[in-house]
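Whole structure, please, built from the sequences with the hints as guidance.
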Amino acid sequence: MDRPDAATLLAVARETMVERLLPVLPPERRMDGLMIANALGIALRELALGEPPPDAAAERQLVADIRAGRYDTPGPERDALAAELRRRVTLRVAISNPKALDR
Amino acid sequence: MIDTTRLAPWLSAAAGKPVALLNAEKLSGGGIQENWGLDLEIDGAPQAVVLRTTAPGDVSESHDRLGEFRLLEAAFAAGVTVPEPLWYCDDPAVAGRAFAVMRRINGIAAGYRVVKDPFPGGNPAAVLYRLGVEAARLHRVTPDSPAASGLGFLTPPAGDAALGLVAKLRRNLDQRPAPQPVLEWGLRWLELNAPAPVPPVLAHRDFRTGNYMVDPNGLTGILDWEFAGWSDGHEDLGWFCAKCWRAGAIHREAGGIGERRDLYAGYAAESGQPVDAARVHYWEVMAHVRWALITLQQGDRHLSGAQSSLELALTARITDELELELLTLTGA
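Protein chains in written order, with my numbering: chain A, 1 to 103; chain B, 104 to 435.
Think of the hints as simulated: they come from the structure by calculation, not from any bench. Please note: incorrect hints may appear among the correct ones.
[Claimed, not checked] Result set (EDC-like, lysine to aspartate or glutamate): computed pairs, CA atoms no more than 16 Å apart in a straight line:
#, chain 1, residue 1, chain 2, residue 2
1, B, K346, A, D102
2, B, K129, B, D106
3, B, K271, B, E294
4, B, K129, A, E28
5, B, K219, B, E356
6, B, K120, B, D146
Because the structure is a prediction, the values reported are computed rather than measured.
What follows is the structure, encoded as structure tokens:
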């Protein structure tokens, strides 16, 4: 790396907040500090793990099909959708709150 | 700020006795409300009250202060442990905004404090039993009850609370541009698995840890009636036991403080009917979809520029965990 990139800046900014600012923030500002550290952590993980959004038209068709009952019947099509939804959401939780995956 | 100069005379007129205002302090908590603790002397007798008004800029869907006051009256009349509602003032000339006054109760409500070990409310099983009793008392109020006479402002009950809420949540979902396949999956499950409808009762609809107060002797009151409405009473039990409302103490299924069986036992004892565990599960699924939609809408307030807020932006990211739990609950 030639110069610190976005991920590097986010990581060191988060570290600075946690180690230098949080310990000395007045109590009424502590929540802000924790939220900033949290937001920086999410941004970092999103840069590292995030995937592009699904195709918009396909997604609109998918929700219309779910609502119309196309995936109601147990079977391979339903299982494949469930697996894909689980895959996507697990990835999103790994980004927004990885601790929630341990529960 | 509230203007207190006209307050004492107004309170005296409302109480029908001389009222002195000794002290006013702003209380923390309560999201969109402004809560003030007032120390009064009513005819010489000390009385601690809370004055509740709406913070400027509130655009939420929750009931206004008068609606909340009427709900407190109905709950109080039904024997539910709530801060006793005293007076309502709709004249902004008195204190700057319309306000409600109720007796002040003591205790702690904040979720992260209530779920600590040791439990700050004495015996958690006993408090859960008591919460079950309270919910059953509330659910005795029906649209035809005398206690409901002030509740005409509530949305009329749907013939089927579950399917009615599914339809409402779908309408809300359709107002947002991005499709939400996981929430759609959940809503389809809710549509297909709806329990047989039951006669509507008054439900709290935000019955959870964080919205009741305890002190070392136990429950001191149930708070925050902004979302109450006609529904299936099991909605309250499902919301209470939903994983998202355990303040992180996920192993204690009832509100992060203890076991479901204690909540259910109190409810069954007071209502005379056993709790339907499958119905509670249904409303737990509903809780996750309903709360997920709200977390998305919180994010929308930041994204639209309506209210720039790190807290709102972060709240929308909670949606991901809610969707994960939703998939697990629906067997995906």
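Hints and how they fare:
1. Between K346 of chain B and D102 of chain A the alpha-carbon distance is near 14 Å, which keeps this suggested pair within the 16 Å criterion.
2. Straight-line distance between C-alpha atoms of K129 of chain B and D106 of chain B comes to about 12 Å, which keeps the hinted pair within the 16 Å bound.
3. Our distance criterion of 16 Å between C-alpha atoms is met by K271 of chain B and E294 of chain B, whose separation comes to about 12 Å.
4. Using a Cα cut-off of 16 Å, the hinted pair K129 of chain B and E28 of chain A holds, with the two alpha carbons roughly 15 Å apart.
5. Pair hint K219 of chain B plus E356 of chain B holds up; C-alpha atoms about 14 Å apart against a cutoff of 16 Å.
6. Under the criterion of a C-alpha separation no larger than 16 Å, the hint pairing K120 of chain B with D146 of chain B is consistent with the structure, at around 6 Å.
Every hint from the earlier list agrees with this structure, and none is contradicted.
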